[in-house]
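Protein chains: 2
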Amino acid sequence: MNPYQAPLKDMQFLLEDVFDATSTWQSMPDIAEMVDTDTAMAILDEASKISRDLIHPLNRSGDEQGVRHEGDKVITPDGFKEAYQEFADGGWVGLCGDAELGGMGMPKMLGVLVDEMSYSACNSFTLYGSLTAGAALAINAHATDELKNTYLPNLYSGQWAGAMDMTEPQSGSDLRTIRTKAVPNDDGSYAISGTKIFITGGDHDLTENVIHLVLAKLPDTNGISLFLVPKINVNEDGSLGEANGVSVGSIEHKMGLKASATCVMNFDNAKGYLVGKPNRGLVCMFTMMNYERLAIGIQGLGSSQAAYQMAAEYAKERMQGLAAGGSPTGADSDPIIVHGDVRRMLLTIRALTDAGRALSVFTGKQLDLAKYGSDEAKSKAARYVGLMTPVAKAFLSDRGLDATIMAQQVFGGHGYIRETGIEQLVRDTRIAQIYEGTNGIQAIDFLGRKVTGDNLATLKEFVADVREDLAGLSHIDDADKEAVLDRFEQIVQTAAFINDNKVAQPALINASAVDFLDAFGYTLYGFYSLLMADKAANHEDSDFKAQKAFVARFYMDKLLAKADYHLAQVNQGDSAIMSMPENLF
Amino acid sequence: MNPYQAPLKDMQFLLEDVFDATSTWQSMPDIAEMVDTDTAMAILDEASKISRDLIHPLNRSGDEQGVRHEGDKVITPDGFKEAYQEFADGGWVGLCGDAELGGMGMPKMLGVLVDEMSYSACNSFTLYGSLTAGAALAINAHATDELKNTYLPNLYSGQWAGAMDMTEPQSGSDLRTIRTKAVPNDDGSYAISGTKIFITGGDHDLTENVIHLVLAKLPDTNGISLFLVPKINVNEDGSLGEANGVSVGSIEHKMGLKASATCVMNFDNAKGYLVGKPNRGLVCMFTMMNYERLAIGIQGLGSSQAAYQMAAEYAKERMQGLAAGGSPTGADSDPIIVHGDVRRMLLTIRALTDAGRALSVFTGKQLDLAKYGSDEAKSKAARYVGLMTPVAKAFLSDRGLDATIMAQQVFGGHGYIRETGIEQLVRDTRIAQIYEGTNGIQAIDFLGRKVTGDNLATLKEFVADVREDLAGLSHIDDADKEAVLDRFEQIVQTAAFINDNKVAQPALINASAVDFLDAFGYTLYGFYSLLMADKAANHEDSDFKAQKAFVARFYMDKLLAKADYHLAQVNQGDSAIMSMPENLF
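In order, the protein sequence lines correspond to chains C and H.
Heads up: the first sequence begins at 1 in UniProt numbering, then just goes up one per residue.
Heads up: the second sequence begins at 1 in UniProt numbering, then just goes up one per residue.
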């Protein structure tokens with residue numbers, strides 16, 4: 001198996017030709033001074049080398065060896081500590097971090113591509129940095145200057161790591177019921193006590209400190225507040241002090257992500273610092289969540305890309321059977337890529353991965369515009385961040401699992417063997433559909449809050465933009481444009497039906513949400529497929545142009561119709577779902 | 001987690017009310033003297049106890065411990081040897097075996113239900129007996145009386161085990177290229193030399209001997225012949241002699257099925273005996289294959305049933321969030337089964353599992369009729385066995401994976417943790433889509449040979465039967481009958497289109513096959529859902545009746561339309577799949 005090769009040409013194409021990175025960045029003063037297209041490509045090029053040469057070699061061994069919990073220590077697999085140090089030294093943890101506090105100040109539109117490469121190379125490794133960047137983001141947005149100055153430089157530099165501590169045994173999707181307590185100390189800090197589970201990167205040996213962002217309740221409140229709780233206390237001069245009351249109860253043994261430490265964390269009167277306002281912890285957490293949810297979607301995307309490369313290479317090398325109608329070369333055996341069913345699987349993965357990358361970059365661009373854009377751009381982009389984040393999280397991770405399973409199928413029996421590596425991608429990416437809010441939760445957020453929450457205003461705004469964009473595509477047939485637009489119109493009509501009936505039928509949104517999101521996702525990918533085919537029509541590389549045209553044709557002929565099925569499901573209402581009494585299940 | 005509970009009521013219902021086991025068995029003299037409905041229910045009841053109390057307790061520990069290869073020995077996990085002995089002593093290995101040679105002579109229609117229970121309890125454990133039964137079947141159908149008398153009693157009794165040795169490193173789906181050689185010895189036996197891979201149960205410590213059925217080539221031929229090759233030679237008096245030239249090269253480390261020994265087998269001038277005619281080995285192997293392929297479909301079905309039980313139980317116990325519109329009990333939290341999205345997932349699994357069991361029993365019935373029926377019944381049943389076997393293998397195993405993944409999603413984060421057990425079902429059942437002929441191969445067999453191979457004669461015959469059956473259902477609305485029939489008609493039309501164009505477009509079948517099979521499968525399940533709802537309408541248990549009606553309603557409203565999407569894919573032809581040049585992948 002060749003090592004992972006980042007799809008740099010596709011990435012450059014999306015930045016430059018599809019989503020106008022150059023003009024976008026020039027429109028944002030904070031970004032314009034940090035990055036231009038050449039810098040961006042140099043960063044992507046360097047990231048591709050790091051992913052291939054530093055991170056990817058740890059992937060299989062990390063899976064086989066796994067994380068260990070020995071005494072009070074959590075030990076990552078061989079090589080992780082050294083690689084993480086090099087990764088951090090290269091500035092990758094703080095790539096999109098605040099430049100004034102030690103980050104590199106790069107736009108998320110670029111960061112999503114670096115994230116994808118890293119996830120393609122190794123899901124487990126990438127999570128440590130991703131959680132750290134997410135924690136830094138929440139601290140930067142909501143903490144006091146004192147906390148920011150104390151913690152952010154060391155988080156951006158990767159010297160310390162971050163973790164998010166939300167879930168408790170009785171409290172998963174429903175955070176109302178958390179029991180972790182925060183009692184005020186005399187010095188303005190808080191004493192945090194409670195148990196958190198499923199804490200990714202909750203402890204490990206990669207960094208000298210782990211900075212926890214912990215959801216807890218103040219005395220006599222039901223509100224939830226956010227606290228910064230370091231594993232090791234930090235002295236006023238910034239040096240490390242004594243251990244805080246933070247300990248690892250155990251580590252979880254999981255289906256995959258075996259090199260990622262998933263910890264049960266115990267807080268025993270641990271010293272913590274309030275981040276943001278009392279009882280507003282969920283709001284603070286959600287600042288980070290938009291980024292983290294996109295990142296988890298990108299986990300699925302990265303796995304999908306890695307799976308594609310492995311399966312396509314295998315399909316070109318594995319000789320088995322003869323092409324229907326006879327071998328094109330007159331050989332005794334042909335590579336399995338001649339077989340229609342194998343091509344169908346590869347094209348499906350390719351089409352979903354290419355369109356998924358477009359969704360990832362688009363969403364990253366909206367995050368940048370919402371943060372750095374003009375006032376007008378900010379407001380619109382914020383609406384689109386809200387709309388697209390649950391789609392990116394759920395649809396990218398769902399299609400990521402599909403892709404890895406399909407790629408595994410291309411390998412036949414060899415795909416079931418651990419050393420081939422493709423089954424690890426299935427196991428590793430499976431969690432992306434579950435954590436950071438299950439994909440069911442994402443779909444309910446999408447349909448219940450983002451689509452119907454503003455009476456379809458943002459959805460209609462987005463569809464109007466799509467209509468305008470499609471009208472401008474000069475290399476695309478009207479029939480294909482209509483096929484996409486027609487489905488978007490049906491989606492709007494279906495959303496209107498749900499919006500009109502959501503009070504009378506309170507279960508309608510929950511019961512319809514996943515199919516609604518899928519219908520939107522498959523239609524959206526149709527739009528991106530056409531957009532890419534159009535923008536590639538003048539590409540200097542004729543193979544690249546042809547490839548985008550073939551993939552778009554495949555998408556339109558074969559995959560777009562999936563939206564119809566999901567819409568049909570939604571349009572059947574919730575009666576068949578809600579009627580059966582619980583005892584009959 | 002409660003131990004596995006076999007769905008005995010559903011099984012009895014299918015045998016007695018849906019597929020007329022009593023009259024079917026009475027029509028077959030060989031079966032009528034062995035079994036009646038009471039005996040069958042007693043067997044199912046006993047099998048449910050064995051599955052729950054003997055097999056299921058080995059499932060998690062077997063996964064954690066796995067099979068070991070030490071020196072020249074393959075060692076199964078703790079408890080497997082003792083349990084297998086008890087399983088064999090109960091007659092379960094030879095349940096459907098030839099009664100004159102030590103089998104219990106039971107019909108497959110009953111055997112499929114026992115298989116399902118066993119797979120639900122433990123995928124890995126069940127394979128050892130399943131491969132043994134399959135090997136016995138091929139020997140019984142094609143070997144000499146001498147071989148039959150020597151080997152079958154010990155295989156049926158479970159004292160010896162069986163294995164199928166087909167795949168070689170260069171030869172997977174395409175068996176033309178096998179290199180294993182068979183050279184005639186002076187005594188009428190053959191010297192077998194070569195290497196086989198992916199041999200399930202190739203060696204282990206459960207039994208004192210393993211009987212291999214090996215595909216090999218005679219000198220100066222390209223034909224493939226089948227040989228019986230014992231691990232330990234058998235003396236003329238039936239006692240065990242010296243070791244044969246059969247050794248284990250290594251065992252595979254796999255995604256799942258960790259307690260099933262998957263071996264690389266080396267044959268070094270091993271003594272073997274021809275089974276069937278020279279150069280007709282594939283024909284002999286395929287006698288077994290119809291049974292084995294159904295069995296592997298049932299692996300998916302068994303996993304699906306186990307996944308359903310686990311997820312439904314969890315959904316009733318796990319408190320999280322409130323029902324849309326307010327808690328029905330006024331509680332602070334509701335069990336997650338109140339949520340539409342959770343119900344959607346559970347109903348999907350349930351509907352597919354119930355219909356899948358109907359497909360399993362129907363196919364088992366056809367195998368029985370083809371073997372034991374009147375001449376007229378035999379011929380028709382043989383056609384239906386041909387038609388339904390690839391559907392049962394592929395559709396049951398594909399939907400089995402869907403079911404386990406969906407059930408895992410119901411568990412949220414807990415579903416990703418090994419000790420919960422649901423992730424093991426995903427890993428274990430994944431292989432069922434790959435081995436015994438990938439599901440792509442099954443689909444090509446279905447569309448290319450079974451459907452278009454006789455110019456749609458069998459397909460049309462089957463659809464005519466469905467039409468007649470539907471007409472007789474007095475408790476089903478015409479609209480629902482029409483919905484199913486209309487799709488069957490579309491399937492026939494699509495098949496006719498492919499049949500008409502298969503010569504001009506040689507890639508059409510390969511490129512369309514999986515979607516065609518899926519369209520057929522989803523439509524077929526619609527038929528079975530209605531059939532079961534109708535037959536349950538007079539059931540003495542009103543809950544059972546209601547449950548079947550709810551599930552059928554859900555299937556018709558929500559799942560049947562999947563057939564439309566797959567048909568749409570097929571009807572788009574193969575151009576989008578076949579056009580892209582290989583170098584652009």
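By construction, these hints were calculated from the structure, which means they are not laboratory data.
Glycine is no exception: its CB is placed at the ideal position from the N, C-alpha and C atoms.
Among the clues, some could well be false.
Claimed, not checked - Derived CB-CB ranges, DEER-like: (1) H:Leu-240 to C:Glu-582: 50 to 60 Å; (2) H:Ala-496 to C:Ser-575: 33 to 43 Å; (3) C:Gly-330 to H:Asn-583: 17 to 27 Å; (4) H:Ala-504 to C:Pro-57: 14 to 24 Å; (5) C:Glu-582 to H:Asp-469: 27 to 37 Å; (6) C:Gly-330 to H:Pro-184: 33 to 43 Å; (7) C:Ser-374 to H:Asp-477: 57 to 67 Å; (8) H:Met-41 to C:Ser-579: 23 to 33 Å; (9) C:Ser-579 to H:Gln-5: 23 to 33 Å; (10) C:Pro-169 to H:Asn-583: 47 to 57 Å; (11) H:Glu-482 to C:Arg-179: 50 to 60 Å.
Claimed, not checked - Heads up, simulated DSBU-like pairs for lysine-lysine below, C-alpha to C-alpha not over 35 Å straight-line: (12) C:Lys-460 to H:Lys-148; (13) C:Lys-481 to H:Lys-562; (14) C:Lys-217 to C:Lys-49; (15) H:Lys-49 to H:Lys-217; (16) H:Lys-562 to C:Lys-316.
Said to hold, decoys possible - Pulled from the structure, derived: some chain C residues nowhere near chain H, Cβ distances all over 12 Å: (17) Phe-19; (18) Ile-232; (19) Pro-278; (20) Asp-486; (21) Ala-568.
Here's how the hints hold up against the structure:
At roughly 57 Å, the beta-carbon separation of H:Leu-240 and C:Glu-582 lies within the given 50 to 60 Å, and the hint holds. Checked against the hint of 33 to 43 Å, the C-beta distance between H:Ala-496 and C:Ser-575 comes to roughly 37 Å, which is consistent with it. The given range of 17 to 27 Å is respected by C:Gly-330 and H:Asn-583, whose C-beta atoms sit roughly 19 Å from each other. Between H:Ala-504 and C:Pro-57 the C-beta distance comes to about 49 Å, which lies outside the given range of 14 to 24 Å.
Look at C:Glu-582 against H:Asp-469: about 32 Å separates their beta carbons, and that is inside 27 to 37 Å. Between C:Gly-330 and H:Pro-184 the C-beta distance comes to about 34 Å, which sits within the given range of 33 to 43 Å. For the pair C:Ser-374 and H:Asp-477, the beta carbons lie near 59 Å from each other, so the given range of 57 to 67 Å is met. The hinted range of 23 to 33 Å is satisfied by H:Met-41 and C:Ser-579, whose Cβ atoms lie roughly 31 Å apart.
Evaluation of the 23 to 33 Å hint for C:Ser-579 and H:Gln-5 yields a pass: the beta carbon distance comes to about 25 Å. As the Cβ distance of C:Pro-169 to H:Asn-583 is approximately 53 Å, the hint placing it in 47 to 57 Å holds. Checking the proposed 50 to 60 Å range against H:Glu-482 and C:Arg-179 shows it holds: the Cβ atoms sit about 55 Å from each other. About 73 Å separates the Cα atoms of C:Lys-460 and H:Lys-148, which puts this hinted pair outside 35 Å; it is violated.
For the proposed pair C:Lys-481 and H:Lys-562, the alpha carbon gap of about 24 Å is at most 35 Å, so the pair holds. Annotation: proposed proximity of C:Lys-217 to C:Lys-49 is violated, straight-line Cα distance about 45 Å (limit 35 Å). For a cut-off of 35 Å, the pair hint linking H:Lys-49 to H:Lys-217 is broken: about 45 Å separates their Cα positions. As the CA atoms of H:Lys-562 and C:Lys-316 are separated by approximately 32 Å, the hinted pair is consistent with the 35 Å bound.
Every Cβ of chain H is farther than 12 Å from the Cβ of C:Phe-19; the closest lies at roughly 23 Å, confirming the non-interface assignment. With a least CB separation of 27 Å from chain H, C:Ile-232 remains clear of the 12 Å interface cut-off, as annotated. The claim that C:Pro-278 lies off the interface holds: its Cβ sits roughly 23 Å from the closest Cβ of chain H, which is beyond the 12 Å cut-off. Consistency note on C:Asp-486: stated as away from chain H, and its beta-carbon is indeed over 12 Å from all of that chain's, at 14 Å minimum.
Annotated as non-interface, C:Ala-568 brings its C-beta within 12 Å of a C-beta of chain H; the closest such distance is 5 Å.
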